[in-house]
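**Q** As a plain string of letters, each chain reads:
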Amino acid sequence: DAGVIQSPRHEVTEMGQEVTLRCKPISGHNSLFWYRQTMMRGLELLIYFNNNVPIDDSGMPEDRFSAKMPNASFSTLKIQPSEPRDSAVYFCASSLETGGADTQYFGPGTRLTVL
Amino acid sequence: GQNIDQPTEMTATEGAIVQINCTYQTSGFNGLFWYQQHAGEAPTFLSYNVLDGLEEKGRFSSFLSRSKGYSYLLLKELQMKDSASYLCAVRGTRNDYKLSFGAGTTVTVRA
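Protein chains in written order, with the working numbering: chain A, 1 to 115; chain B, 1001 to 1111.
Be a bit skeptical, because a hint or two may be false.
What the hints assert, rightly or not - Quick list of in silico lysine to aspartate or glutamate cross-link-like pairs, EDC-like style, CA-CA up to 20 Å:
id, chain 1, residue 1, chain 2, residue 2
1, B, 1057, B, 1082
2, B, 1081, B, 1009
3, B, 1057, A, 102
4, A, 24, A, 97
5, B, 1068, B, 1052
6, A, 24, B, 1009
Stated by the list, open to error - Where chain B lies over chain A, by a calculated footprint (3+ residues, C-beta under 8 Å):
id, stretch
7, 41-53
8, 90-98
Unchecked claim - Facing chain A, from chain B, some residues (calculated, C-beta under 7 Å):
id, residue
9, 1029
10, 1042
11, 1043
12, 1070
13, 1072
14, 1098
15, 1101
16, 1103
Hints were generated in silico from the structure; no laboratory data involved.
Cβ coordinates follow ideal geometry from the N, Cα and C atoms, glycine included.
Taking the hints into account, I'd like the entire structure generated from these sequences.
**A** Put into structure tokens, the structure is as follows:
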């Protein structure tokens, strides 16, 4: 079975440009999570969806970041305009949440570099 | 809020045992997860504890004490491939699916 799929795997862009990261969760999973990982701040949750509905976006840094999940098989994380401090690895994870030992499965990540 | 602490780095010899400690102070508790992350790769699930005690899974074991806000991951018969970062993560409540991650412990296994 395919795991969580993310694209692109690497993105290099210039400050001020719009960046869109994409995620396809594991089929049948009902929850999707967007994380950001940096050396300084570790792995941080940005936002998560349950049944395509945003549940907690308290980790979204500021209005420049937005996320959507139009259907159960696709989500996007958009940064507009991008800044050098947004450089990080962005992971998408999905899970079948029942309130118990519900494992989150991570995608390979998108390494974003903003020049 | 969530506060999760674990050591930054540990070094051990191939074949040895290493214990990675994690302490947490969280608003609510509904389980503790350990993830392994090799350099340049995504985190992968290792173990889950929600009740006190030891969970054993092959060379890896995880322990939880809820009253002490404490867990450890025990890696036995260390192999070179175990060199990685190990992340402790806590789920706050049953209906809150998000995980709060510690900063991770980088384990280096030497020959």
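**Q** Determine for every hint whether it applies to the structure shown.
**A** Hints, verified against the model:
1. B:1057 / B:1082: holds (15 Å)
2. B:1081 / B:1009: Since the Cα atoms of residue 1081 (chain B) and residue 1009 (chain B) sit roughly 16 Å apart, the hinted pair holds (cutoff 20 Å).
3. B:1057 / A:102: OK: residue 1057 (chain B) and residue 102 (chain A) at ~17 Å, within 20 Å.
4. A:24 / A:97: holds (17 Å)
5. B:1068 / B:1052: holds (10 Å)
6. A:24 / B:1009: With a Cα-Cα distance of about 34 Å, the restraint between residue 24 (chain A) and residue 1009 (chain B) is violated, given a limit of 20 Å.
7. 41-53: That given contact holds, which follows from 6 residues of the stretch 41-53 of chain A lying within Cβ reach (below 8 Å) of chain B.
8. 90-98: Contact hint for the stretch 90-98 of chain A vs chain B: holds, 3 residues under 8 Å.
9. 1029: The hint is violated - residue 1029 (chain B) has no Cβ within 7 Å of chain A, the shortest such distance being about 13 Å.
10. 1042: Since chain A brings a Cβ to about 4 Å from residue 1042 (chain B), closer than 7 Å, the hint holds.
11. 1043: holds (5 Å)
12. 1070: The hint is violated - residue 1070 (chain B) has no Cβ within 7 Å of chain A, the shortest such distance being about 19 Å.
13. 1072: This interface hint is violated because 18 Å lies over the 7 Å limit.
14. 1098: Holds - the Cβ of residue 1098 (chain B) comes within 7 Å of chain A, reaching about 5 Å at its closest.
15. 1101: holds (4 Å)
16. 1103: It holds, given that the least Cβ distance between residue 1103 (chain B) and chain A is near 4 Å, below 7 Å.
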